[in-house]
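Novice: Residue numbers (the working numbering), protein chains in the order written: chain A, 429 to 745; chain B, 613 to 883; chain C, -16 to 333.
In short, the hints are calculated from the structure, not lab data. It is possible that some hints are incorrect.
[What the hints assert, rightly or not] Cut-off 25 Å, straight-line C-alpha distance, at most; resulting in silico cross-link-like pairs (DSS-like, lysine-lysine):
(1) A:554 with C:220
(2) A:552 with C:65
(3) C:65 with C:109
(4) C:109 with A:550
[Stated by the list, open to error] Taking CB as the label site, the calculated pair distances span:
(5) B:638 with A:680: 57 to 63 Å
(6) B:816 with A:527: 28 to 34 Å
(7) A:680 with C:235: 50 to 56 Å
(8) C:237 with B:881: 44 to 50 Å
(9) A:429 with C:-7: 50 to 56 Å
(10) C:223 with A:429: 43 to 49 Å
(11) B:828 with C:-4: 19 to 25 Å
[Claimed, not checked] Example chain C residues on the side facing chain B (calculated, C-beta under 10 Å, incomplete):
(12) 20
(13) 48
(14) 50
(15) 147
(16) 161
(17) 238
(18) 241
(19) 245
(20) 247
(21) 249
Backbone N, C-alpha and C define an ideal beta-carbon position, used for all residues, glycine too.
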Amino acid sequence: MISLEGLTKRYGEKVAVNDLTFEVRPGIVTGFLGPNGAGKSTTMRMILGLDHPTSGDVRVEGRHYAQLRDPLKSIGALLDATANHGGRSAYHHLLCLAQSNGLPERRVHEVLDIVGLTTVAKKKAKGFSMGMGQRLGIAAALLGDPRILMFDEPVNGLDPEGIHWIRTLMQRLAAEGRTVFVSSHLMSEMALTAEHLIVIGQGRLLADMSMADFIRQNSRSYVRVRTPDRERFLDVLRSAGITAMETGDVLELDGVAAEQVGELAARHALVLHELSPQQASLEEAFMRLTAESVEYHAHSGPAADEQASWGAGWKKG
Amino acid sequence: MTTQPIPSQAPRTPSYVSPIPISRTHLGHALASEWTKIRSVRSTLWTLGVFLALVVLLGCMMAGLIGADTYLNTPYTMPAFFGLLLGQMCLVSLGVLVVSSEYGTGMIRTTFTASPQRHRVLAAKILVFFAVAFVTAAVAIAAVGLYAQITVGARTNANWLPTVFTGALYVSLMGVLALAVGSMMRHSAGAITTMLGVLLVPAILPAFLLFNDGLADVAQVMSDYNAINALSLIFEGDRSTGTGGAQIAFLATLTVLACAGAFGVQANRDV
Amino acid sequence: MIEAVGLTKRYGDKTAVDDLSFQVRPGMVTGFLGPNGSGKSTTMRMVLGLDTPTAGHVTVNGYPYRRLPNAPRHVGALLDAKAVHGGRDAYRHLLSIAQLSGIPAHRVDDVLQLVGLSEVAGRRTKGFSLGMGQRLGIAAALLGDPQVLLFDEPVNGLDPEGILWVRNLMKSLAAEGRTVFVSSHLMSEMALTADHLVVIARGRLLADMSVREFIAANSAGFARVRVPDTDEGQREKLTAALTAAGAQVLPEQDGAVRVTGLPLPRISDVAHEAGVRLWELSPHHASLEEAYMRLTQGMVDYRSTADPQIGMRPEPAPGREDGWDDEPGWSPPQQPVHASDRPTLTEDAR
Chain A
429 MISLEGLTKR YGEKVAVNDL TFEVRPGIVT GFLGPNGAGK STTMRMILGL
479 DHPTSGDVRV EGRHYAQLRD PLKSIGALLD ATANHGGRSA YHHLLCLAQS
529 NGLPERRVHE VLDIVGLTTV AKKKAKGFSM GMGQRLGIAA ALLGDPRILM
579 FDEPVNGLDP EGIHWIRTLM QRLAAEGRTV FVSSHLMSEM ALTAEHLIVI
629 GQGRLLADMS MADFIRQNSR SYVRVRTPDR ERFLDVLRSA GITAMETGDV
679 LELDGVAAEQ VGELAARHAL VLHELSPQQA SLEEAFMRLT AESVEYHAHS
729 GPAADEQASW GAGWKKG
Chain B
613 MTTQPIPSQA PRTPSYVSPI PISRTHLGHA LASEWTKIRS VRSTLWTLGV
663 FLALVVLLGC MMAGLIGADT YLNTPYTMPA FFGLLLGQMC LVSLGVLVVS
713 SEYGTGMIRT TFTASPQRHR VLAAKILVFF AVAFVTAAVA IAAVGLYAQI
763 TVGARTNANW LPTVFTGALY VSLMGVLALA VGSMMRHSAG AITTMLGVLL
813 VPAILPAFLL FNDGLADVAQ VMSDYNAINA LSLIFEGDRS TGTGGAQIAF
863 LATLTVLACA GAFGVQANRD V
Chain C
-16 MIEAVGLTKR YGDKTAVDDL SFQVRPGMVT GFLGPNGSGK STTMRMVLGL
34 DTPTAGHVTV NGYPYRRLPN APRHVGALLD AKAVHGGRDA YRHLLSIAQL
84 SGIPAHRVDD VLQLVGLSEV AGRRTKGFSL GMGQRLGIAA ALLGDPQVLL
134 FDEPVNGLDP EGILWVRNLM KSLAAEGRTV FVSSHLMSEM ALTADHLVVI
184 ARGRLLADMS VREFIAANSA GFARVRVPDT DEGQREKLTA ALTAAGAQVL
234 PEQDGAVRVT GLPLPRISDV AHEAGVRLWE LSPHHASLEE AYMRLTQGMV
284 DYRSTADPQI GMRPEPAPGR EDGWDDEPGW SPPQQPVHAS DRPTLTEDAR
């Protein structure tokens, strides 16, 4: 359990984190989302006691990070995969971490096995690819078998097999009753991993709710229907007061649950070839929510006039 | 879930053609690009700044210390010799960095992707660097010469203008040699160390080699053609021992060979 | 158009790329997939003339890259966002590339604006975040308004807004008739971006086909069916009826069932005949990730596992399930198609 209360961080004039209050609960994977510069990293650093809040409070299992007796056993974190001494081998990197928290050497071998780095354990971390560095960081996070795990962009640099592996790993850790808090920019990946979401923008809390609620609240959901008895079905819908949008041979029904449509069809003995509740993607929902709090806006595609102006200028210059 | 894939039997989409005519590239493009590169990093500013400071300040200081009589048979630019001894290390460093920094940062891949004509890129690097080094060195030497002429004011039999040219040529060639070595070795530290060896070993080693009769010839060549001796010949203006022409020719030959090596090595190397 | 013929690269004993032949066609986004160490980067570097093939050749618009008269006007590439001199500012970094191919300086301003870096154009790139570096690399690739574009992991370090932007950019570039070749490890992202796939593993070609064909060939879709939870026994009744009709029925966690082997209208009919009302009947395609994982099984160099005996067992035979699929109630389709016996491959690895 991680709890934040009125957490605020100012750097001079700039407010990086503004009065954040939320809890990260055990047993589920909680996603931490926000555009670049929203204050995600600052928040994570304050949870780990690396930055000091300007005001407010953050506690890990009821204590401040600095008061934790064996921090590695309480909370394991992957913040930056390159934050290790490049000249040290993976094994020694983990060993010195383990020793600092009184963990047995055996555990180092265990976590190396879990992340699949056993064969390169004696190699210097300098020669590691980004994906291997990421695995090493995850090994360090798992070292103390902690009750809380925090990952910042864990899939960076991993290949598809590694991405799949870390996703199932996080879900398993959560299923074991641990608190798993993970930040990521990959919405499609988050949609597959997280159950609960905390979304911040410009340092403020924008949403703290389950994935399903988040998508429902921030986008359009509808029911897709395909039927051979199209005309009759439309009549039935009309008399039930349901509006249908026709796109091709598909009907899109707004503001109605699939269950209701199913019952309605059964009552009128209508054959359905498809009856599927449709939801927007997490990405769409996220975009809608955070539209105003993005730092660098890129232009959407090379505009035709831009190309033309280049052509014109080309001849001049 | 996925976007509509284009069936493989579908008529081929017309290929995009840029509305802007595509011209052939030439060395001029590469020269402009290298000129932008060399003036947009601070290492250039630093190395050339230290070079100027060393040559001009040390030169002006020495100009005051040397007795006015010395200039009777010595060009006014002679005090620049002391600064150049140290200052040539700056040009050597810059020469190495011009190319090795691209390898170190990975910029070389961007460069070679933008211009797969690798020989053209290296040629442009050499030309731009040589021009920058030569002009800087010439300005520094001339500044020392002018200062000495104004402050000492004594008459001299030695014409100092040619030494501006030969002195600048010598240290610039040394820089180009460094560039070629950097291009072959790709690592800044390794290339600079190698060049330090090229500068110092031939000046020091003969003292040891002279103990062996068999190596005496080698020692003689080394002591004649080492960088310190070459620069001192160029600025001494002592006709009896030559004006460094042979030394410049020697260095030029060495530089050309190193450049040929650099062109050869990079032509098909994986970067 | 990129065309590789028998492309091979050996480093000493190790063969990084092994007799690779494929074409990347204009007008669509072609994804380039493969596990770490499969030779993707080496292939891309050979396309760009940075590495010299040991055997075979690769051409861009009919030319070997290094013979292109003005390469940046034909090909733009983002290989590594870090491949810049950190001490140079963004504007002059791009300017030096533009000058190499005679592109006017104001085009630099244009691409900086296009990628959203105008405000930081004068800043040295050393201070750039990974995402900003990525945008700078994309700007460099677009400088010459090229027909062919190569991107290696373009969304690395970008935030959700940037990811969406890059995806739309690649699609719009392809729609203009350009050849867009993108490598990525993010299957869910690729599924949204690519039209066509080239998949390699251990340097060999595994697949060269459209995304849809790829998913169909390497995994099966299914129908999700839900019946009213108010009536007891409805689910069992439907399961029995569907099984009798030849379908495979697997329970899902939330009470729905997963049906494979019957088309949706047939499921509807069977339910109707059995007197079962439906609350949901939705088609699901297998994900690109599932299809990819199935194809590349046993081709991965570093496999992570909780199994302490890793490396001591023989490599899993193709087709064998290897524990990656631990979703409850879900078992793989009956006959996964594999590289060795897949007829749809255009080019087979030898």
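Novice: Looking at the structure, which of the earlier hints fail to hold?
Specialist: Hint check: 1, 4, 6, 7, 8, 11, 12, 15, 17, 18, 19, 20, 21 fail, others pass.
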